[in-house]
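Visitor: Chain by chain, the residues:
There are 6 protein chains.
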Amino acid sequence: MMIPNGSLITATPEEGRQLAMTMARLVIKATQPDEAVRSRLRDVYANDAMALLQVGQTVAIEFATIAAANGYWRT
Amino acid sequence: MMIPNGSLITATPEEGRQLAMTMARLVIKATQPDEAVRSRLRDVYANDAMALLQVGQTVAIEFATIAAANGYWRT
Amino acid sequence: MMIPNGSLITATPEEGRQLAMTMARLVIKATQPDEAVRSRLRDVYANDAMALLQVGQTVAIEFATIAAANGYWRT
Amino acid sequence: MMIPNGSLITATPEEGRQLAMTMARLVIKATQPDEAVRSRLRDVYANDAMALLQVGQTVAIEFATIAAANGYWRT
Amino acid sequence: MMIPNGSLITATPEEGRQLAMTMARLVIKATQPDEAVRSRLRDVYANDAMALLQVGQTVAIEFATIAAANGYWRT
Amino acid sequence: MMIPNGSLITATPEEGRQLAMTMARLVIKATQPDEAVRSRLRDVYANDAMALLQVGQTVAIEFATIAAANGYWRT
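Protein chains in written order, with this note's numbering: chain A, 1 to 75; chain B, 76 to 150; chain C, 151 to 225; chain D, 226 to 300; chain E, 301 to 375; chain F, 376 to 450.
Chain A extracted, bound-state conformation (with noise of 0.2 angstroms):
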């Protein structure tokens, strides 16, 4: 699975983020299935600086395409 419950409409701007952080965690997921090399590399992720300013932007570029879907949750 790539979007939990398969949708990219949420109720608020704030799940829109959560989804975002979701979806771009489980493309590494499927990239790397082997839960002991994600931990590893997870490990990397969070304590390295340009590792976690890429984490950043991949989940802005997905917040973009989440916040459309939704119509910027204007109403």
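These are calculated hints, taken from the structure and not from any lab test.
Mixed in with the good hints there might be a few duds.
Derived DMTMM-like pairs (lysine to aspartate or glutamate); straight-line CA-CA distance at most 20 angstroms [as the list claims (entries may be wrong)]: (1) Lys254/D with Asp423/F; (2) Lys29/A with Glu90/B; (3) Lys404/F with Asp348/E; (4) Lys329/E with Asp184/C; (5) Lys329/E with Asp343/E; (6) Lys329/E with Asp193/C.
Position chains B, C, D, E and F against the provided structure of chain A, taking the given hints into account.
Guide: Structure of chains B, C, D, E and F alone, referenced to chain A:
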């Protein structure tokens, strides 16, 4: 072949996400047709934090296009 | 919390820009919750040219979404 | 020449994808006109994981523009 | 202050481009407020090929937002 | 000057692509005004795979804006 079924339209966001991953992979394949080399590089992707994050970013960009093509599967 | 006030709507472009910076920072915080580690990494960001430029790029992407959400504050 | 046929319009998504790859390559060619140097660099691209992923990201961005130009080939 | 004049609207594309460069620079300034450090890092940007290219990419993203805000100055 | 002719509108996609390359180059020029330094860095760009790919990515982003400004030259 760069796009399976020759269409950006999918029934669900989940399938759109799978298509994004496939499209990203097929560009790599077209640029490096040698399966043995790709297999060796896949070991690099799957075990390197920055490479995995880069995969994630490309999938996010491909998915943005697919999601727009599908009107974000709103209905 | 990933989005302060739970909304992408801001009164001005200036506030939108601040929100973009905050949203970018909160992804980092969610990925690395340990304040001591983040503090150490902030020293890296703030003194490394490529890291600072990467921060700038992520803020630009977050801001694009916020600006679209606000109809670019045209009126 | 930077865009073959001088148009972003293609009959199919598949042709749009091919155009994206061609447009990405022609920028490289315009920046480095020396065929011998490009040939040497192609060996680098095709055998380096990060370079291949970077190719993939650029193709994704070019394709986003082409897909929008073609109304995502919806009809 | 992150956006001079507090607006994304400019009279011309040229001014929009200048605004994009200023906005990109002000994010750096907000992230690293120490002028002496920034001055040292500017020497890095201006003499390193990858850093200069990264500056160019961020300005391109900022400009995309500003151009959309101004309806691409079409009239 | 950051945008030749002060406009994003071009007669053809081909000219739009040329404009994208010029706009990308003029940001570099504005950031590093010293012609001798730029000339040295150009040697780096043109002979380094990752730098060339980075040039390609920036041109793709600039072109996306120019193409949208021109309604993708559809008619």
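Visitor: Enumerate the violated hints, using their earlier numbering and listing them in ascending order.
Guide: 4
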